[in-house]
Amino acid sequence: MTGTAGTMTGRARTGWFVPVALAVASVPALALHGSYLMGTFSTIAIFGIALVGLDLVMGYGKLLSFSHGAFLALGGYVMAILSARYGVPVLAGVAAAVVVNVLVSYIIARATLRMSGYYLAVATLGFGVIVVQLLGSLPDYTGGWSGLTGMATASLFGWRLSTDFHFYVAGVVVMIGCMAIARNLMASRFGRAVRAMGDDELAAEMLGIDSARYRIQLFVLSSVFLSVAGSLYALSLRVITPANFDIVVTIDMVLMLFVGGKETLWGPVLGAVVVRLIPDLFESLDDYKTIMEGLAFLAVFIFFPRGLAGLLERLARKERLPPRPQAHRSAHGVLTQGAAAADRTAGGAPLIEVVGLAKSFAGVAAVSDVSFALTQGQLKAVIGPNGAGKTTLFNLLTGVLRPDAGTIRVRGRPLPDGGPHEVSQRGVARTFQTPRLFDSMTVLENVLVGRHGTLRAGMANGMVPLAGTRSEERQAVQRSHELLALVGLEAVADAAVTTLSFGQRRLLEIARALATQPAALLIDEPAAGLNESEKRFLGDLLIRLRDSGLTLLLVEHDMSLVMRVADEVVVLDRGKKIADGTPAEVQRDRTVIDAYLGPEVPVAAG
Amino acid sequence: MSGLWLQVLFGGLTSGSIYAMVAIGLVLIYRATRVLNFAHGEFVVLGALVTISAARTLGTALLPSIVAGVGVATVAGVLLERLVVRPVSRNPHFVLILATLAASILIRGVMMIVWGKDTLRLAAFSGEDPLRIGDAAILPQTLWVIGSAVAAVALLGAFLRHTAYGKAMRACAENPVSASLSGIDVRSIVVLSYALAAAIGGLAGVVIAPIAGIDFQAGLLLTIKGLTAAVIGGLENLYGVVLGGLLLGIVEAYGSAYISSVLKDALAFAILIGVLMVRPQGLLGTRAR
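So the protein lines, in turn, are chains A and B. Here this note's numbering is used: the first residue of the first sequence is 7, the next is one more, and so on. Here this note's numbering is used: the first residue of the second sequence is 22, the next is one more, and so on.
Excised from the complex, chain A in its bound form (with noise of 0.2 Å):
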């Protein structure tokens, strides 16, 4: 095993990387101590802090959302009024931001959850404003528009914030501390899934990955950061007014994150440092200080899209050609510890088992009245022209679609209801006509997102994984590994999923089902697009699944790999079943043949 090679190495990086940091950290501080500039650097720290936060949202979760201002001028003013009108100790009014924040940004992700992409952006931006004028119309609790003043000065553990440089060393200190913690974060089970959302939803909810649950954590999560950050800027500031964090800022902060580069480690430092630092610089600019910015924002789309730390890791690494992959073709037992193998459904009973489903879209029948059975450890095809109803029937079958009459049982239990990934849970994975891969990620990621259901780890074990955390993800890479060796892949385990062939793609994607120990796997179309060896390869790889216990359920064209391997075969024509035996039987059907197959089958040669 080349054992903890990929998702691993961003963890034992950060072993190194907050001496780097602080490394790097130091040379402002040391260079401008009592400069002007120090109070821009403490500013690009803080900010730094509110960036890492923003980036899992809109970098790693790939949501447009706008309220991170509205959550850092909560964050501020929490603490701000508790420390000027209360007289709260500054942490414990840090502390309340946080609750204030986590609740409020709990109730914001329920609420906007049902919204879809440009929805959720133009009501989160709507709640930034909502923010920013309340505060400002409130003058009695936050001093209104023109601001609140007199919080204490903060001490930590005897040591008094008071001047630039006193920022600059706390915000670095948090800062750091945050891009470790997202990191680490980031390459654990709960990064994984939520990478995997923003790819790949529909992927990613029929991998088990409860979608509205993550997003949901997500969102608390960054406005956990964006409070720090926003307690940090209103000490700094001294006086806060709503404009501080007016939707103006909001945008701001977007474009420091994509110029920096989103989903990197550096990207959202990088980028406060060029928006922050650039214009401070060249005062005598200020006129045209918006006009660069837009220009930097948009060379960043146009140009580099991966913004300046895709650009600088571009420039560090030269780009490696995966070696081609070597299939080999034993790999004995690797499924035999899955559910695959340990599930016994008593008494022979079906795994799943179809009654009278129908549905139809605008009034058209796309699937009416089939009843099928599928028992345990068989391989059974669905076969029909185009248009039969196949792909639909799948998606009946994995919760993406709900039928409008008729039953799906598995193992003897109805299919639940709440989505593909209760679904996936319940043991059922599936394949798609075009593999839909986890483009961001490599291989062995791709299949370690996979074992989801079968790990653990939370938000917490991800942000610090201790033992127990890391011997799972060992044991969960190392079972990766297997699962790619038995699709041929192991050799390009590390390699970036966009590399790979579409017949290694077809494959990786079988795999990355099977780490999710199903009882029963569907696959969609797999010898589509395949040359004939990868088809051979195909059909051997799913007769040892079969053979091993794996009950199988295949949407294929190509009668030759169905004859081969099908034990028995379904046909569907215009949303109706017309057959359903053994693949000798099914050839010999006369409906069969006027529907599908022609007078003229390839029979003869089996």
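Don't read these hints as lab results, they were simulated from the structure. Among the hints, erroneous ones may be present.
Said to hold, decoys possible - Restricting the straight-line Cα-Cα distance to at most 25 Å, the calculated cross-link-like pairs of lysine to any residue (SDA-like) are:
no.	chain 1	residue 1	chain 2	residue 2
1	B	K138	A	L287
2	A	K541	A	Q384
3	A	K295	B	Q238
4	A	K295	B	D139
5	B	K285	B	Q28
6	B	K138	A	A302
7	B	K285	A	Y124
Unchecked claim - Short, incomplete list of chain B residues facing chain A, as computed with Cβ under 10 Å:
no.	residue
8	Y51
9	L104
10	V116
11	L117
12	L256
13	I294
14	G303
Stated by the list, open to error - Here's a subset of chain B near chain A, in silico, CB distances under 8 Å, partners left out:
no.	residue
15	V109
16	N112
17	T249
18	I280
19	S281
20	A291
21	M298
Quick caveat: nothing in here was measured; it's all calculated off a predicted structure. Think of the CB as a built atom: it goes at the ideal place given N, C-alpha and C, for glycine as much as any other residue.
Guided by the hints, dock chain B onto chain A, whose structure is given.
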């Protein structure tokens, strides 16, 4: 009492008309390219500022100045499509709309250099003497605003329904691939959509400029209000967003007259969030799945 009620209604219809005109443009662009154009408010401001400058140089004749303002806004719309949206169009939509946000910052910066930071105003089209309707006093300019919005919606509706270009635009909105297969030049339809949207936005800026002073940074809030109206209306449906715009304007007007003028914007977004929680697809939108 009833006079105030009526006066507030006209105030609401006026800002509602502006929101509706901004929102219509946003929807045209959204339907053509699936992009939420965060630079849309800049067209409104640009139209107003160019008209104000032109009116100062040209003197009495207002119409040529208006044509200049709307024309410059239209050109800006075409440039936005060609120079910003098209180069990044292969990226996820997420990146596209952030690119328009970047463009809005750039346009704002340019406008600040050209027109400075002061609030500018245009002379009212038909004088400042209020018209009396019952107990209410109404500025004639509000009728210009409402009239322009009605005309814009009516003309656009007729254009989309009865002309070949309009039908092609609807076809592209439904399904760009099959539109392209049936011989429609999707690219030029997209450009046309941006041009029309920016022209309507520019016109909105021109007619509101005598009532509300315009400065270089007024665009952002207009964009946000237009987006709110568009989303309330359901993003796809032209009449839905007109409804959304008017609803927003009227609620804001009564809210600030009878509740609190400071909380006017907050009220608008409270309505937005409320509508979206009940109907995530907007008032007249259809659920996409």
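A quick look at each hint next to the structure:
1. B/K138 with A/L287: Measuring from Cα to Cα gives roughly 23 Å; hence the hint holds.
2. A/K541 with A/Q384: holds (20 Å)
3. A/K295 with B/Q238: holds (14 Å)
4. A/K295 with B/D139: holds (17 Å)
5. B/K285 with B/Q28: holds (17 Å)
6. B/K138 with A/A302: Cα-Cα ~22 Å, so holds.
7. B/K285 with A/Y124: holds (23 Å)
8. Y51: This interface hint holds because 8 Å falls under the 10 Å limit.
9. L104: holds (9 Å)
10. V116: Holds - the Cβ of B/V116 comes within 10 Å of chain A, reaching about 6 Å at its closest.
11. L117: At 9 Å from the nearest chain A Cβ, B/L117 passes the 10 Å test, so the hint holds.
12. L256: holds (7 Å)
13. I294: holds (5 Å)
14. G303: holds (8 Å)
15. V109: holds (5 Å)
16. N112: Holds, about 6 Å.
17. T249: B/T249 check passes; min Cβ-Cβ to chain A is 6 Å, inside 8 Å.
18. I280: violated (11 Å)
19. S281: holds (7 Å)
20. A291: holds (7 Å)
21. M298: holds (6 Å)
Checked against the numbered hints above, the structure violates only hint 18.
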